[in-house]
Amino acid sequence: MASQVDGLYFFLVAVSAFFTLLIFLLVLFFAVKYRHTAHPKSEQIEGSLPLELTWTLIPLGISMIFFAWGALIFFQEARPPRGAMEVYAVGKQWMWKFEHETGQREISQLHIPVGRDIKMIMSSQDTIHSFFVPAFRIKQDVLPGRFTSTWFHPTKVGTYHLFCAEYCGTEHSGMIGEVVVMEPTAYQAWLANGGAVGTMAANGKELFTQLGCATCHRPDTQGRGPNLVGVFGKPVQLEDGRTVMADENYVRESILNPQAKVVAGFKPIMPTFQGQVTEESLGALVSYVKSLAQPQQKAEGGAPPAAANQSN
Amino acid sequence: MATSDIEIAEHALQHHFADMDQQKESSTFGMWLFLVTEIMFFGGLFCAYLIYRSTYYPAFVAGSQTMNIWLGATNTAVLICSSLSMALGVRCAQTSKTKMMVVLLLITIVFGFAFLGIKAVEYHEHWTNHQFPGPNFQFEGAEAAGVSPQNIQIYFSLYWAMTGLHALHMVIGIGLVTWIVIAGWRGAYSPDYYSPVENVGLYWHFVDLVWIYLFPLLYLISKKHGG
Amino acid sequence: MATAVQTTVETQNYLNNGYDLKSWLLTKDHKRIAVLYLLSITGMFFVGGFFAMLIRLELLTPAGDLVSSDTYNKLFTMHGITMVFFFLIPSVPAVLGNFLVPLMVGAKDLAFPRINLLSWYLYIIGAMFALVSMVMGGVDTGWTFYTPFSTTYSNTHVVGTALGIFITGFSSIFTGLNFIVTIHRMRAPGLTWTRLPLFCWSNYAASLIMVLGTPVIAITILLVALERLFHIGVFNPALGGDPLLFQHLFWFYSHPAVYIMILPGMGVISEIVTCFSRKRVFGYEFVALASIAIAVLGFLVWAHHMFVAGISVYAALVFSLLSYLVAIPSAVKIFNWTATLYKGSIRYDTPMLYAFGFIGLFTIGGLTGVFLASIGVDVHVTDTYFVVAHFHYVMVGGMVLAYMGGLHFWWPKMTGRMYPEGWAKLSALLVFVGFNLTFFPQFILGYMGMPRRYHAYPPEFQVLNVLSTAGASVLALGYVLPMIYFVWSLRYGKLAGPNPWNAVGLEWMTPSPPPTQNFEETPVVTWEAYDYEHQPDEEVPVGH
Numbered sequence: 000m001a002s003q004v005d006g007l008y009f010f011l012v013a014v015s016a017f018f019t020l021l022i023f024l025l026v027l028f029f030a031v032k033y034r035h036t037a038h039p040k041s042e043q044i045e046g047s048l049p050l051e052l053t054w055t056l057i058p059l060g061i062s063m064i065f066f067a068w069g070a071l072i073f074f075q076e077a078r079p080p081r082g083a084m085e086v087y088a089v090g091k092q093w094m095w096k097f098e099h100e101t102g103q104r105e106i107s108q109l110h111i112p113v114g115r116d117i118k119m120i121m122s123s124q125d126t127i128h129s130f131f132v133p134a135f136r137i138k139q140d141v142l143p144g145r146f147t148s149t150w151f152h153p154t155k156v157g158t159y160h161l162f163c164a165e166y167c168g169t170e171h172s173g174m175i176g177e178v179v180v181m182e183p184t185a186y187q188a189w190l191a192n193g194g195a196v197g198t199m200a201a202n203g204k205e206l207f208t209q210l211g212c213a214t215c216h217r218p219d220t221q222g223r224g225p226n227l228v229g230v231f232g233k234p235v236q237l238e239d240g241r242t243v244m245a246d247e248n249y250v251r252e253s254i255l256n257p258q259a260k261v262v263a264g265f266k267p268i269m270p271t272f273q274g275q276v277t278e279e280s281l282g283a284l285v286s287y288v289k290s291l292a293q294p295q296q297k298a299e300g301g302a303p304p305a306a307a308n309q310s311n
Numbered sequence: 000m001a002t003s004d005i006e007i008a009e010h011a012l013q014h015h016f017a018d019m020d021q022q023k024e025s026s027t028f029g030m031w032l033f034l035v036t037e038i039m040f041f042g043g044l045f046c047a048y049l050i051y052r053s054t055y056y057p058a059f060v061a062g063s064q065t066m067n068i069w070l071g072a073t074n075t076a077v078l079i080c081s082s083l084s085m086a087l088g089v090r091c092a093q094t095s096k097t098k099m100m101v102v103l104l105l106i107t108i109v110f111g112f113a114f115l116g117i118k119a120v121e122y123h124e125h126w127t128n129h130q131f132p133g134p135n136f137q138f139e140g141a142e143a144a145g146v147s148p149q150n151i152q153i154y155f156s157l158y159w160a161m162t163g164l165h166a167l168h169m170v171i172g173i174g175l176v177t178w179i180v181i182a183g184w185r186g187a188y189s190p191d192y193y194s195p196v197e198n199v200g201l202y203w204h205f206v207d208l209v210w211i212y213l214f215p216l217l218y219l220i221s222k223k224h225g226g
Numbered sequence: 000m001a002t003a004v005q006t007t008v009e010t011q012n013y014l015n016n017g018y019d020l021k022s023w024l025l026t027k028d029h030k031r032i033a034v035l036y037l038l039s040i041t042g043m044f045f046v047g048g049f050f051a052m053l054i055r056l057e058l059l060t061p062a063g064d065l066v067s068s069d070t071y072n073k074l075f076t077m078h079g080i081t082m083v084f085f086f087l088i089p090s091v092p093a094v095l096g097n098f099l100v101p102l103m104v105g106a107k108d109l110a111f112p113r114i115n116l117l118s119w120y121l122y123i124i125g126a127m128f129a130l131v132s133m134v135m136g137g138v139d140t141g142w143t144f145y146t147p148f149s150t151t152y153s154n155t156h157v158v159g160t161a162l163g164i165f166i167t168g169f170s171s172i173f174t175g176l177n178f179i180v181t182i183h184r185m186r187a188p189g190l191t192w193t194r195l196p197l198f199c200w201s202n203y204a205a206s207l208i209m210v211l212g213t214p215v216i217a218i219t220i221l222l223v224a225l226e227r228l229f230h231i232g233v234f235n236p237a238l239g240g241d242p243l244l245f246q247h248l249f250w251f252y253s254h255p256a257v258y259i260m261i262l263p264g265m266g267v268i269s270e271i272v273t274c275f276s277r278k279r280v281f282g283y284e285f286v287a288l289a290s291i292a293i294a295v296l297g298f299l300v301w302a303h304h305m306f307v308a309g310i311s312v313y314a315a316l317v318f319s320l321l322s323y324l325v326a327i328p329s330a331v332k333i334f335n336w337t338a339t340l341y342k343g344s345i346r347y348d349t350p351m352l353y354a355f356g357f358i359g360l361f362t363i364g365g366l367t368g369v370f371l372a373s374i375g376v377d378v379h380v381t382d383t384y385f386v387v388a389h390f391h392y393v394m395v396g397g398m399v400l401a402y403m404g405g406l407h408f409w410w411p412k413m414t415g416r417m418y419p420e421g422w423a424k425l426s427a428l429l430v431f432v433g434f435n436l437t438f439f440p441q442f443i444l445g446y447m448g449m450p451r452r453y454h455a456y457p458p459e460f461q462v463l464n465v466l467s468t469a470g471a472s473v474l475a476l477g478y479v480l481p482m483i484y485f486v487w488s489l490r491y492g493k494l495a496g497p498n499p500w501n502a503v504g505l506e507w508m509t510p511s512p513p514p515t516q517n518f519e520e521t522p523v524v525t526w527e528a529y530d531y532e533h534q535p536d537e538e539v540p541v542g543h
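Taken in order, these protein sequences are the chains called A, B and C. Numbering that gives the first Met the number 0 numbers the first residue of the first sequence as 0 and each following residue consecutively. Numbering that gives the first Met the number 0 numbers the first residue of the second sequence as 0 and each following residue consecutively. Numbering that gives the first Met the number 0 numbers the first residue of the third sequence as 0 and each following residue consecutively.
Chain A on its own, in the form it takes in the complex:
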């Protein structure tokens, strides 16, 4: 992905350099050749429609190539592949808090294995931040009140800069960190040493019980709230007739602003948990709800994503 961005970038550099040089040289050439001492009488030329069309349509055509190429890259950037390893991130003034699905937490340092698709699911605790890893050529703003996501596929072991790229106050330039890309075996070793206190999904399940969610969201049709098993990643029919996709933001909104989207056939009685859950808790709850949609994995003590052929 990064190399594709570079490909387009340097193509842009080449075309720009060409046109810049063209203009520079033409201006220089005309300025010298037609200087008034050498060319005292100017020739009045009104214009030329063919020329105007040419230098309108050719830049337009080249632009469309840039657009299409950039769009293709962007489509890929906007669609994390299935089976990507997910890492939750919370940006706050002025640090990054990462949590792996397997439960490891890190501050401003992110350990990931080489050769895997990695999907970041991010939100902010306060202002807008932006998750920027120049080496991967990716950047995504991290917002309060919503999850945003980005993905990348590291191909080289190493340590790379992580920057916050959206101004967020005093220590904006201090909100930096590292992405440490490791060999798979080294990564497993790191995970084992990790000091994780249960997977995110397991933590989420605990919260689900603690906060009372389980009383209404029973794993059957008797609950006052919808059964959440198998919900994540599928369309949901709402009371007002709309159909929405049950993604991370849907789950988040349902917890914080439940009246916004009420499932068809249910009453709008769910209370809001705004102020009662932190960003990290939201991540854990989302992770738990996701796990309910993965039939072969148990939510409790779920194995860390081992091979790359995990299916959703």
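Any given hint could be a false lead.
Covered by chain C, per the in silico footprint, the following chain B stretches (three or more residues, Cβ under 8 Å) [stated by the list, open to error]: (1) 4-17; (2) 155-162.
Cut-off 25 Å, straight-line C-alpha distance, at most; resulting in silico cross-link-like pairs (DSS-like, lysine-lysine) [as the list claims (entries may be wrong)]: (3) 23/B / 27/C; (4) 23/B / 98/B; (5) 260/A / 222/B.
Bear in mind the hints are in silico, worked out from the structure with no lab data behind them. Even for Gly, the Cβ is constructed at its ideal location relative to N, Cα and C.
With chain A's structure known, arrange chains B and C on it following the hints.
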């Protein structure tokens, strides 16, 4: 009025214009352009309103049900009448009926104050009911209605901002009409020179029109209304 | 169209028509108002430049060791606010436009002289609000005021600055309104739209944007102030408000704003290139229409500032496509100006040097905008120094160079004096060299990943930062010298006649400086724009 209509016009002709026609066309064009900027100014608020109403419809319904439709409708009628008296006043300026013009413009001012008075009553009620966004915001019955109180605050933010901005424009409008009344009383206008009256009229009609949009958008969101 | 030959500045002109303060502060003369603006925005330019100097000094070293983080954040914020709202947006329209538009259309003044004066007072009041806020501790939100930082988390003088910008916005609106009505209604007999100088077309297009776009930022910045003061919170996520709504409303104006900044500058370039090539611009209609196209298309591309902000994929694609479209008319203009040089008779006076610089640097700036329009690349370089370099290339390499060129071109008209050509050429060269040295390295820094608004940075970025700061000192010298020699010229500059450049245009057919009423008699225009074919070779007395 000792001065003749022509003399009034000549006196009013500004030195950089070739003739009265050019001045009148320019000043009217200028006022229309200014009103376009006002549309863009209110437009930002209307844009925010449209987006949040579609996102938080139940909260907007709940908020709007605290509005007093009768007061709002009365205000709408008041403003429409004021636009009528304003338009008639412009017509009088155009036809040299100075005394009638002054009377009609004074009626317009009275209507303007009536509007502001009724608005003040409404504001007072909302204020005492803690329906102002911020740390003191209260809205009973939010949970019962199944609405998040935070989202109702957004409705009220827009309510206060939009009607407040409108009220400010009303105050400015009353000031402008007062100026026209005084100048008109002193014989400044004639059939050859009445563009200030006409332009203030345009401004007044615009402010009226903004209210005609605000009323249904803020007061009449849902048929299920408690009054 | 007969007036006496202008041989001294002692005859009655707009400058000596009353010397007391009241005659200046209560003037309705568009020329005096232009001079008032000239003094005010020059002052603001050096305020903004002072902040820039501190920024570049800080960035000499990777560590944040010159000023504290909070101070640095205030510096780049105030540099941006001062330069954008109080220098760039007013510069050509309020100074050169105010002075020249009535002259160029053959009118005695703008349509609404009192509103013109009001414009200036609104500018001053707005600037006072902003300056007082800066002196009392400053503001640190970035000139973009993104929420919720500006509404909730910043502890600085946001409201005062926001109100200052709000008030100054009305200055801009009224200027635009004045220009539109003047150009529509007050053209001299015979001056059809297709005979208008392109400076008028450009200012007209910019005025359309001023009038339609500025009110939107006015309401947006007002909402930010209200949110801070009264918790009227439409941008507050804790209430379910949307920080992206702020960005959409903000950029809906602030993108067209950049065309408010550049279009008048392009108008200046058209005037200079034609005069110093002694020929009509190539493709007049295309250049004129390109200005309108830029103004219209400029309203359709705002979310290209938000590609990584969290907008939908489809929205991003639409805005990317439209952003490419808006680049085309600018390219057309560049090609037309270049073609104007072909078979011209070219002189290298200072205004023309600035025009050459503009053509080259605006090309680079504009092409790097094309990089940013391509979403795949934008994801990498947005919010980095690449963007900073891009907009400085178009704003400084483009706009400021055009402004300087225009100042030099019309200085003799405005003051009746010539500036010293040798020093002026030297300054132009210093500006060109200093500018490129300052900002070209920033493209590389951005691609390498150095984010914007960083007080401290990783050491591998230092060399390019040092180059940039070195360039900035050269650039600064290039700005200071004209200050000195322009002031010097007021007393000691060679006296200028009505048309020292032998240019075509109504403004050159009246004495330098012009009398208060501009023309003795309203001119009647019977010639096409840029009629250099029939322009005699020597400077002739006015009224031939």
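Okay, the hints, checked on the actual structure:
1. 4-17: holds (count 5)
2. 155-162: holds (count 4)
3. 23/B / 27/C: 19 Å, holds
4. 23/B / 98/B: 23 Å, holds
5. 260/A / 222/B: Judged against 25 Å, a Cα distance of about 21 Å means the pair holds.
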